[in-house]
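> Can you build the whole structure from these sequences, using the hints too?
Each residue of the sequence shown is one higher than the one before, counting from 0 in numbering that gives the first Met the number 0.
Some clues are possibly wrong.
[To be verified] Mimicking EDC-like on lysine to aspartate or glutamate, the simulated pairs with C-alpha atoms at most 20 Å apart in a straight line are:
| # | residue 1 | residue 2 |
| --- | --- | --- |
| 1 | 56 | 128 |
| 2 | 324 | 334 |
| 3 | 56 | 66 |
Please keep in mind that the hints were generated in silico from the structure rather than gathered at the bench.
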Amino acid sequence: MAEGKKLGGAGLRGQVAGKTALSTVGVSGSGLTYRGYDVKDLAENCEFEEVAHLILKGHLPTQAELDAYKTKLKGLRSLPAALKTVLEQIPKDAHPMDVMRTGCSMLGNLEQEDTSTMGVFPNQEECVDRMLACFPSIICYWYRYSHDGVKIDENTDDDSIGAHFLHMLRGDDQTSGVRPFFRQASMWIGFAIPCVVGNLDALNHYFPHIPAVTPEGQHWGTSIGGLSLFRNNVNLNFAISFTMIGFSYFISRNIAAGLCFFYVLTVIEQGIFDILGLSIEVKAVGIYGHYVGPIVLHQAMGGMIVLVLMGLWNARSHLGAVMRKAFTGTLRIDDSGEMMSYRQAVFGCLAGLLVMGIWLWQAGVPPMVIPVLFFGCFVVFLTITRVVVEGGVAVMTPPMVGPDLVASTMGSRLLGAKGAAGLSTTYTWATDVLILLMTACSNGLKVADLIGARTRRLFWAVMATIAITILLSLWMRLDACYTHGAINLNRFYAFNAALNPYNFMHKAVASPVGPNVDGWIQIGIGGLLMLAFSLAHYRFHWWPFHPLGFPISSTFGSMWFSLFVSLLIKSVVLRYGGPMLYRRTIPFFLGLILGEIVTAGCWLVIDFFTGAQGNVLGSFLH
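This is the structure we're talking about:
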């Protein structure tokens, strides 16, 4: 390497230009290189995030590494509420560099580094990534507030920092509204399709001579066919739902591909097991096996466990900071923008677990069983929340639930009659998690963040909503059951599901068994498969299937086909029209959702006044 000119600045005295680990000057090519790469080549062939990864990590990223790095930076854009307050006080004529310096200093006070060891900065990479992600948010938030009086949302959906910056600066998120949406011709085209189909099917219910669009009078959204496989042991069902197609259009393509792929793979796997006669003897170890065979469900449970554990491991630094904040009150992490303080959250969680544990113990559940039950419920609830919030899936059901995991891994013999009775009661809150409170709260917090609402006030609104809905739902359910007869209502909830706790208790008492060794093995296999799929996703850029779909593949059901149709359309649009065409087609798919919901709602009102029954339109769950 050629000798460079000695630098005279006090901070760089003795340093030779052209001999740093990051760059060289005047050595080769255009005269400036980063990590050995000519800056001209980087400018022509690399994204900003690739160059940042090169400088900070020491090498150009693979596609998987780049995607993971973008995802990481995307999650670090949010600004603490205290920092926003400071930015709002800076006058509009301030120099942008002064704004950046002030924002950086305030962020350093709110999110302090670990300086316990002199000259050692263990979190320096995380701090650099944080600054890289939030600096555009800092400058744009100040500019839009000081010049336009607008509090922008710094959490955009743009993948790149450049697009994120332009999105905030131009205020694209502020220009969209209700009126422009209803002026979109494509929205009304999408609205018209489910509207015409739904109205014709509804009229056919009243006037049979009017032809229905859906064959055989079945409502649109149910099965429109299927493929029998492996000597008719399993079926690959095909179902269409306008609502699901519309919602699925906004799901990331690799997540959508993963959901479809793993569901089909699960069906094939179950067919092979049926042909070979492979199964797990479940006896009295729970009520799973309702959707598919217990082998597949155990593997899915293993996938859920690994998914949650990987998430906890990746968030270990943040969780550690939360715990330090809760127990010591350290100021290294800011919780002013959260729905409740970290101290309240942590101690509230511990208090809740203690109360639930004592209640279960007094109900007869053995103390050693309680932690396993809590762990199973935690895994299920967190998996569902992550799939819905991160994956964009509207709804889902888990492959197994907490009581099933207890019965399989520990056996029903350990419970005894009293323990079986106590554990059976947990099915009332741990089983039917189709619409989970945790997911609703997560989505609510996201909406509150978008509109700039005070999250501390949101906490009391959530608590009031929970209390009101519990009381109203209990009253309405009991009133309907005693007025009309429970058996005359939804048969699944009034009869089938209602018997699950009793059936579990009866099996556990009548034929108790020990731990299910085969179940343990299949849970382990599922965990290893989840690790393999995750490795393939993050290491190989050509791997198209997101592992998030594996844990829920067994219960995804006929929703997969609507998702597949949406994925196919989206892939064609992006390939031949790019992001611009994708944005232009969004109103159409929103119209599909709105059209099906409005049409079904209108006929619900009509059926109420006419007294008609059995007129079912659309199906959100399919």
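> State for each hint whether it applies.
So, going through the hints one by one against the coordinates:
no.	hint	in the structure
1	56 <-> 128	holds, 11 Å
2	324 <-> 334	holds, 9 Å
3	56 <-> 66	holds, 15 Å
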